[in-house]
Amino acid sequence: MRNFEIIKIENLAKRFHMGEGDFTALRDINLTFSKGEFTGLVGPSGSGKTTLLNIIGSLDNPTEGKAIVLGNSVSELTHKQSAVLRNFHIGFIFQTYNLLPVYTVFDNVEFALLLQKHSATERQKMVMEALDWVGLADKANSKPAQLSGGECQRVSIARAMVKRPEIVLADEPSANLDATNSHHIIQTMKKLNRELNTTFIFATHDEKVMQYLDRIIHLKDGMVEKDEIMPELKTKSHVSL
Amino acid sequence: MLAFKFAYKNLIGAGLRTWLNVSVLSFAFVVIVFYNGMLDGWNRQGRSDTVAWETGNGQYWHPLYDRYDPFSLQDAHAAITSEAEKLVKENQLTPMLITQATAYPQGRMLNVMLRGIDPNQKILLIPSASLNPQNGEIPALIGKRMAESAHLKKGDHVLIRWRDINGTFDAREVLIIDIFKSNVPTVDVNQVYIPLTTLQEMTGMKKEATLLVAAATLNNTGIKGWAFKDTKFLLKDFDEMINAKKGGSRILYLLLLSIALLAIFDTQVLSIFRRQKEIGTYIALGMTRAQVIRLFTVEGSAHSILALILGSLYGIPLMLFINNYGIPMPKSADQAGVAISEKIIPFYSFGMLVSTILLVVISATIVSYFPTRRISKMKPTDALKGKIQ
Numbered sequence: 001m002r003n004f005e006i007i008k009i010e011n012l013a014k015r016f017h018m019g020e021g022d023f024t025a026l027r028d029i030n031l032t033f034s035k036g037e038f039t040g041l042v043g044p045s046g047s048g049k050t051t052l053l054n055i056i057g058s059l060d061n062p063t064e065g066k067a068i069v070l071g072n073s074v075s076e077l078t079h080k081q082s083a084v085l086r087n088f089h090i091g092f093i094f095q096t097y098n099l100l101p102v103y104t105v106f107d108n109v110e111f112a113l114l115l116q117k118h119s120a121t122e123r124q125k126m127v128m129e130a131l132d133w134v135g136l137a138d139k140a141n142s143k144p145a146q147l148s149g150g151e152c153q154r155v156s157i158a159r160a161m162v163k164r165p166e167i168v169l170a171d172e173p174s175a176n177l178d179a180t181n182s183h184h185i186i187q188t189m190k191k192l193n194r195e196l197n198t199t200f201i202f203a204t205h206d207e208k209v210m211q212y213l214d215r216i217i218h219l220k221d222g223m224v225e226k227d228e229i230m231p232e233l234k235t236k237s238h239v240s241l
Numbered sequence: 001m002l003a004f005k006f007a008y009k010n011l012i013g014a015g016l017r018t019w020l021n022v023s024v025l026s027f028a029f030v031v032i033v034f035y036n037g038m039l040d041g042w043n044r045q046g047r048s049d050t051v052a053w054e055t056g057n058g059q060y061w062h063p064l065y066d067r068y069d070p071f072s073l074q075d076a077h078a079a080i081t082s083e084a085e086k087l088v089k090e091n092q093l094t095p096m097l098i099t100q101a102t103a104y105p106q107g108r109m110l111n112v113m114l115r116g117i118d119p120n121q122k123i124l125l126i127p128s129a130s131l132n133p134q135n136g137e138i139p140a141l142i143g144k145r146m147a148e149s150a151h152l153k154k155g156d157h158v159l160i161r162w163r164d165i166n167g168t169f170d171a172r173e174v175l176i177i178d179i180f181k182s183n184v185p186t187v188d189v190n191q192v193y194i195p196l197t198t199l200q201e202m203t204g205m206k207k208e209a210t211l212l213v214a215a216a217t218l219n220n221t222g223i224k225g226w227a228f229k230d231t232k233f234l235l236k237d238f239d240e241m242i243n244a245k246k247g248g249s250r251i252l253y254l255l256l257l258s259i260a261l262l263a264i265f266d267t268q269v270l271s272i273f274r275r276q277k278e279i280g281t282y283i284a285l286g287m288t289r290a291q292v293i294r295l296f297t298v299e300g301s302a303h304s305i306l307a308l309i310l311g312s313l314y315g316i317p318l319m320l321f322i323n324n325y326g327i328p329m330p331k332s333a334d335q336a337g338v339a340i341s342e343k344i345i346p347f348y349s350f351g352m353l354v355s356t357i358l359l360v361v362i363s364a365t366i367v368s369y370f371p372t373r374r375i376s377k378m379k380p381t382d383a384l385k386g387k388i389q
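Residue numbers (my numbering), protein chains in the order written: chain A, 1 to 241; chain Y, 1 to 389.
Read the hints as simulated data drawn from the structure, not as lab findings. Backbone N, C-alpha and C define an ideal beta-carbon position, used for all residues, glycine too. You may find that some hints are simply not true.
[Stated by the list, open to error] Cβ-to-Cβ under 8 Å is the rule here; a few derived chain A residues that face chain Y:
#1 Arg86
#2 Leu100
#3 Ser119
#4 Ala120
Given only the sequences and the hints, what does the whole structure look like? Please build it.
Right, here's the structure in full:
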């Protein structure tokens, strides 16, 4: 499996207007991510983890520098191009699941495929396959309100994975889960990472998640403090740092 | 199509709030259709009654005749030409001579129009056949309203005074031979019908007429010396009155519609305020802002589609029931001075239904769209956090 570079971040800075001044959320960020990585952005609250994920996910633009995702400079994309990038190439997993409450599990997972205009037969097949990956095929007709937190997060994983994106961005995916569920969903993602060679980038400060990561990028005050490649990864892939 | 699918699911998922909005809008829709249907029904009945009782399929007027100016009657009469006479014989035209007169029922004085009508005419519904010579007495026919206001009944005698062609006053008693009932007050109020030839003799206007009423089968070929007035012209007053009524009714149903639309607008504003996280999720999943705006707009305007369906569910049976029995008009409506039946049968034209549906759908779409413009200014990252923007 070729592990080429799919995300490149160069001299990136992000500042927010706060009252009369600016708050610097990120500065001097230089990172690259390769295909198939299972990486965590780790740091305390306010360290810039979510901001960096949002920029990689093309939900936000850098104030300075560049974020190149799958060959696209995020700041140069139009709204429409950003939407296409997210729809076809990036999956999101949120701390609070962000499932659409009036839709069934099947509908929630199917959503991205509808936007991609797959046929009904294709959608049915792909959604059921994704629900199989997370072990929720039997809950396809349930509404999110009928599921536990762990099940909701697994639906969220299926929704992110159903379109087979190159990148999955997970923002504190285990923060609302107990230890058992946390391990379960991280193991599910790890399995998908290995089987589908999808790049996973986490924003987390959960120790339980960290033990599964191949690479840990420590952020502090908006800067990369440390970029660690975990021993297992060093032996099996070529990560450009 | 995608927006419709999502919008439908969101609407149904919203539960009671959706159904409250839909109920109010459906009520407005049914009231608008019913009110317009009632006015259109009245319009149709009124027009057809006026044509049947008064105007015929148009009239040929003496050039000096002015229906709003009784003074014009003195000069607005002329001999019926041979060309017109031929059409009269073929029952294509019926002549009418009109003159001012004064009636003295029970010693009181009442200004009336004395109308000479051919007893054998079949063009108007006025029961002129009853105007047969009565042992030297002049038979007269009046309407129910006239009978009530003058306290006259069948078999009464009433003194009538008129001026002849030379301006000389003359007076004679006429016998009320019959009292007819008509929905058209203008053929009734202060009108006295006597045989045409009798009036021609009384006024010295032999073989003359003021106007000639055309039958439905007559195409306007033009008669020399007479000005043709079509039904559009003759029904102008009635049409203006219906239009004025429609204008007034619009205020009522625009108020109703505004209440319903305000509820939709309010729901939209609330939705966008409360569903920011959902909006952020849509964007994260790959929807463009324009698609999200479209989704929320369709969702808001879909209230109108559901309202049309709900309104049809209870509105159609209700309207069919009303159409079976008609809407009874109060007795006082008889004195309103306009053609009005005892019962109005609403009429729902295709055009009226389509225009009402369009009005409801388009206005619901517009009020649904305005609040959604906020979405274009939303930052997806803040929306995802559910931050108030």
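Hint validity - A:Leu100 Cβ closer than 8 Å to any chain Y Cβ
holds (6 Å)
Quick check on the hint: A:Ser119 CB to chain Y CB, less than 8 Å? violated (13 Å)
Restraint outcome when A:Ala120 is required to lie within 8 Å of chain Y by C-beta distance: Nearest chain Y Cβ about 11 Å off; hint violated.
Would you check whether A:Arg86 satisfies its interface hint, that is, whether its CB is within less than 8 Å of any CB in chain Y? Hint on A:Arg86: holds, closest Cβ of chain Y at ~5 Å, below 8 Å.
Violated hints for the displayed structure, listed by number in ascending order: 3 and 4.
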